[in-house]
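2 protein chains.
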Amino acid sequence: MTALNPTHDPARRSWIESANQPDTDFPIQNLPFGAFERDGEPRAGVAIGEHVVDLRALRDSGLVEAGSDAAIACEAAADGTLNRLMAMEPRYASALRAALSDLLKSDAPQRARVDEQVRALLPRVDEVALRLACEVGDYTDFLTSLHHTERHGRYKGLADPLPPAFKSLPIAYHGRASSLRVSGGEVRRPHGQYRDANGQIVFGPAPALDFELECAAWIGRGNALTQPIPIDAAHEHIFGYSLLNDWSAKSIQWFEQVLGPFLGKSFHSSLSPWIVTAEALAPFRKAPVPRAKDDPPLMAHLNGAFDQQHGGLHLELSAHLSTAQLREAGSAPVRITQTHLDNLYWTFAQMVAHHTSNGCNLRTGDLLGSGTISGAADEARACITELTNAGKDPLRLPNGETRTALEDGDEIVLGARATKPGAVSIGFGECRGRIAPAFAFAEQRVETPA
Amino acid sequence: MTALNPTHDPARRSWIESANQPDTDFPIQNLPFGAFERDGEPRAGVAIGEHVVDLRALRDSGLVEAGSDAAIACEAAADGTLNRLMAMEPRYASALRAALSDLLKSDAPQRARVDEQVRALLPRVDEVALRLACEVGDYTDFLTSLHHTERHGRYKGLADPLPPAFKSLPIAYHGRASSLRVSGGEVRRPHGQYRDANGQIVFGPAPALDFELECAAWIGRGNALTQPIPIDAAHEHIFGYSLLNDWSAKSIQWFEQVLGPFLGKSFHSSLSPWIVTAEALAPFRKAPVPRAKDDPPLMAHLNGAFDQQHGGLHLELSAHLSTAQLREAGSAPVRITQTHLDNLYWTFAQMVAHHTSNGCNLRTGDLLGSGTISGAADEARACITELTNAGKDPLRLPNGETRTALEDGDEIVLGARATKPGAVSIGFGECRGRIAPAFAFAEQRVETPA
Chain A
1 MTALNPTHDP ARRSWIESAN QPDTDFPIQN LPFGAFERDG EPRAGVAIGE
51 HVVDLRALRD SGLVEAGSDA AIACEAAADG TLNRLMAMEP RYASALRAAL
101 SDLLKSDAPQ RARVDEQVRA LLPRVDEVAL RLACEVGDYT DFLTSLHHTE
151 RHGRYKGLAD PLPPAFKSLP IAYHGRASSL RVSGGEVRRP HGQYRDANGQ
201 IVFGPAPALD FELECAAWIG RGNALTQPIP IDAAHEHIFG YSLLNDWSAK
251 SIQWFEQVLG PFLGKSFHSS LSPWIVTAEA LAPFRKAPVP RAKDDPPLMA
301 HLNGAFDQQH GGLHLELSAH LSTAQLREAG SAPVRITQTH LDNLYWTFAQ
351 MVAHHTSNGC NLRTGDLLGS GTISGAADEA RACITELTNA GKDPLRLPNG
401 ETRTALEDGD EIVLGARATK PGAVSIGFGE CRGRIAPAFA FAEQRVETPA
Chain B
1 MTALNPTHDP ARRSWIESAN QPDTDFPIQN LPFGAFERDG EPRAGVAIGE
51 HVVDLRALRD SGLVEAGSDA AIACEAAADG TLNRLMAMEP RYASALRAAL
101 SDLLKSDAPQ RARVDEQVRA LLPRVDEVAL RLACEVGDYT DFLTSLHHTE
151 RHGRYKGLAD PLPPAFKSLP IAYHGRASSL RVSGGEVRRP HGQYRDANGQ
201 IVFGPAPALD FELECAAWIG RGNALTQPIP IDAAHEHIFG YSLLNDWSAK
251 SIQWFEQVLG PFLGKSFHSS LSPWIVTAEA LAPFRKAPVP RAKDDPPLMA
301 HLNGAFDQQH GGLHLELSAH LSTAQLREAG SAPVRITQTH LDNLYWTFAQ
351 MVAHHTSNGC NLRTGDLLGS GTISGAADEA RACITELTNA GKDPLRLPNG
401 ETRTALEDGD EIVLGARATK PGAVSIGFGE CRGRIAPAFA FAEQRVETPA
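Chains as they are written, first to last, in the UniProt record's numbering: chain A, 1 to 450; chain B, 1 to 450.
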């Protein structure tokens, strides 16, 4: 299947030169979907190099064959949101990516016609304001890294640091959809209740802010209530993936947590702007890391033949930290985490199958976060809590600064690249956010959002 | 304020006779908002006795003064959803209720003109299909009954059955919005993983199904991210209230719960169809039950002058159970719970203020469940787990049947009435659901919802 799809052809290059640079996240083999604002209006688009294809302009251009699946896909996205397109059978988005690949390749027959309308069709991505890629109904966050879970269990002093259910099912909780935001801009330090150094319960700006590096799957077609998605069909329901920074106010979380995370997370979660499609990632599929011999057997409803062979991805992920001092000195951000999707104990298809096994309905645009993707190695610890051994071993930056938590002005940039010999590497684009100081509580005004 | 609002006038009666019956939930003083389907199209409406005012038909009727606040409100609801109306300043919904009260009162000057269009304007509620009242963005469920929390802590054998945070903040978790359903119809028993009597982890139909009687607040106007709603403004953000049955698969929940409830709840949650407005409930406001003398002091951001005086409601709530055997014998449902909103330790305004205290944004249509409203008295236990002392003392029905959990065919009906001397009592309508047997897992097919 993979070999037949011309959008995967590693020999294909684009006449857009920025898409051919070896370090670009968006070569012609990627073509991820996203949303942006242009002239004050919402638009859906596809990233290519340093540009973005405006899908409404594309629809109006006459460049896509009328009545074709690609044209139908383009029309579905013309209102500026991706939800309708994501809800359709996968062949529509697939046809649109194939049509775009043909328009953007070096030897595109229609190159001259694209050039005539290039300003309307292909704005530079830095000329537009990126938006959240689609409307999220429900957001679920999982806990699927054994190392992340085990380390946190040890910090809590648990005799068995791994919860009994961990190897039987992908543990999860419902997250807050309203405070999901696209990468960029400020992450305001939240107020909250927590115990201070004397054990007193106080209310104030949360002292212990952390990032958590995650990968998130976007649901394409959903399922009806009472109708679970079988593990063998689960991959077909995943439209694509983005990076997720699950910012965490640990001091709030430790105090509040009885029924799971709540205000410790719901102040802001950041997503990278582009949905890298499952189709573009198909050449990077791999078998997930096998379960250990003494792990409990995998239950039938989580055990899929395709998933056991192809449910993982050759995907490397990283986190970089820059501080106000580093930026002032003109120093580059410091890489603090380098990890791999192999560090998940469960696949995204298993998350989908488990999530719906009770009949719960997923809807188009629902988001499934992987949980923090920490590995066994020190460099693969994917949050500051782990990187500092729960604060005992402060993070030391090259300029002498130390951190046990994020300080105001600190900026985290997450990245991810799928890489495999023989394939053109594709990236996720960045998921960036900078901590802004808490508002004084009295400064806060209630504004009704537009 | 209350005395001046003619919609509260206890002397007002309606020319719709079913609205004047002493046991009706929907006298002319109530006028709650809801949604329904008519001729295959979504409509917004207002309940009156056994009828519902079709707001699109009302807009088209010429009976509401053009350009008035009431007409603007009517227009906002004409697309069949309430979200736009709920997002507006409260005076619009208020004007619409006042206009309806004037059209429906016994001596309405426009009675004859209403009569001419009565079939279009006022279908019987049993002639239409009720829908979920509005589109829910995020659904949050709280845990605010001290007695419910304490009993469950004791069942778990905790030394201190009340979590340390309970009296400092209203504990909550994010719930699943996609599986919220309007009252009525079947609640399909879910599959899930749980430990059987031998301690083995199995996957199958969940044996321990329970109901949980809750009251839920609907958010009207929202707030922007980073801008908390002060406790003194919180009441203005609550559009109204409904009943919520937070069906729970306890066997699943006990096994899965690490980061809070997930599949043990997300298979189905039921809401009563009508949003009883905060305005209609204003005559029933009361001071919340005072905190005990040795409770920790209330923090400033949860301590509102209005809320401390008027943050409670004279609201009695009940649950009735009927079984297949009872129905076969023609026996009436058995009342198993009789409780009061006074059994909440926190007010809804405190839930709003806490929820947004970290800057989390609430959106119009967001739903805040109170948690199970159990009281100290045996009759005020609001779920079967408590009613049976965690299964030790089975519930005995008049026909000799016993229950430690809900069985297939069991039906739960929740009800609530606001009552106060000198005011006309208003009700919430029912929140009904009947347990249907689990599908065989192989019978389940993936269907893409319409």
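The reader is advised that the hints may include incorrect statements.
Stated by the list, open to error - Pairs of lysine-lysine, DSSO-like flavour, derived with a Cα cap of 30 Å: (1) B:286 - A:250; (2) B:420 - B:167; (3) A:167 - B:250; (4) A:156 - B:156; (5) A:293 - A:392; (6) B:392 - B:167; (7) A:156 - A:420; (8) A:420 - A:167; (9) B:250 - A:156; (10) B:420 - B:286; (11) B:156 - B:286; (12) A:156 - B:392; (13) A:156 - A:286; (14) B:293 - B:420; (15) B:156 - B:392; (16) A:250 - B:392; (17) A:286 - A:392; (18) B:156 - A:167; (19) A:286 - A:167; (20) A:156 - A:167; (21) B:293 - B:392; (22) A:250 - B:420; (23) A:250 - A:420; (24) B:250 - B:392.
Hint data in this document are derived by calculation from the structure and do not stem from the laboratory.
In this text the structure is predicted, and so the values were computed from the model without any measurement.
Hint by hint, here is what the structure shows:
For the hint pairing residue 286 of chain B with residue 250 of chain A, the CA-to-CA distance comes to about 37 Å; that exceeds 30 Å, so the pair is violated. For the given pair, residue 420 of chain B sits about 29 Å from residue 167 of chain B by alpha-carbon distance, which is consistent with the 30 Å threshold. Note on residue 167 of chain A and residue 250 of chain B: the hinted pairing holds, with a Cα-Cα distance of about 20 Å set against a maximum of 30 Å. In summary, the hint linking residue 156 of chain A to residue 156 of chain B is supported, as the alpha carbons are separated by about 20 Å, within the 30 Å threshold.
Between residue 293 of chain A and residue 392 of chain A the alpha-carbon distance is near 34 Å, which puts this suggested pair outside the 30 Å criterion. This hinted pair checks out: residue 392 of chain B and residue 167 of chain B have alpha carbons roughly 29 Å apart, not beyond 30 Å. Between residue 156 of chain A and residue 420 of chain A the alpha-carbon distance is near 38 Å, which puts this suggested pair outside the 30 Å criterion. Taking the CA atoms of residue 420 of chain A and residue 167 of chain A, the gap is near 29 Å; set against the 30 Å cutoff, the hint holds.
Pair hint residue 250 of chain B plus residue 156 of chain A holds up; C-alpha atoms about 26 Å apart against a cutoff of 30 Å. A threshold of 30 Å between alpha carbons decides the hint, and for residue 420 of chain B with residue 286 of chain B the separation of about 10 Å falls inside it, so the pair holds. Under the criterion of a C-alpha separation no larger than 30 Å, the hint pairing residue 156 of chain B with residue 286 of chain B is inconsistent with the structure, at around 34 Å. This hinted pair does not check out: residue 156 of chain A and residue 392 of chain B have alpha carbons roughly 33 Å apart, beyond 30 Å.
For a cut-off of 30 Å, the pair hint linking residue 156 of chain A to residue 286 of chain A is broken: about 34 Å separates their Cα positions. For the suggested pair residue 293 of chain B and residue 420 of chain B, the alpha carbons sit about 28 Å apart, so the restraint of at most 30 Å is met. For the suggested pair residue 156 of chain B and residue 392 of chain B, the alpha carbons sit about 13 Å apart, so the restraint of at most 30 Å is met. For the proposed pair residue 250 of chain A and residue 392 of chain B, the alpha carbon gap of about 39 Å is over 30 Å, so the pair is violated.
Only pairs whose Cα atoms come within 30 Å are accepted, and residue 286 of chain A paired with residue 392 of chain A is rejected, the gap being roughly 37 Å. Between residue 156 of chain B and residue 167 of chain A the alpha-carbon distance is near 23 Å, which keeps this suggested pair within the 30 Å criterion. At roughly 21 Å between alpha-carbon atoms, residue 286 of chain A and residue 167 of chain A fall within 30 Å of each other, so this suggested pair holds. The hinted pair formed by residue 156 of chain A and residue 167 of chain A meets the criterion: a straight-line CA distance of about 20 Å does not exceed 30 Å.
Restraint check for residue 293 of chain B and residue 392 of chain B: not satisfied, since their Cα atoms lie roughly 34 Å apart, outside the 30 Å limit. Distance check on the hinted pair: residue 250 of chain A and residue 420 of chain B sit about 45 Å apart at the alpha-carbon level, beyond 30 Å; violated. With a CA separation close to 36 Å, the supplied pair residue 250 of chain A and residue 420 of chain A exceeds the 30 Å bound. Restraint check: the Cα-Cα separation between residue 250 of chain B and residue 392 of chain B comes to about 15 Å, which is no more than 30 Å; the hinted pair holds.
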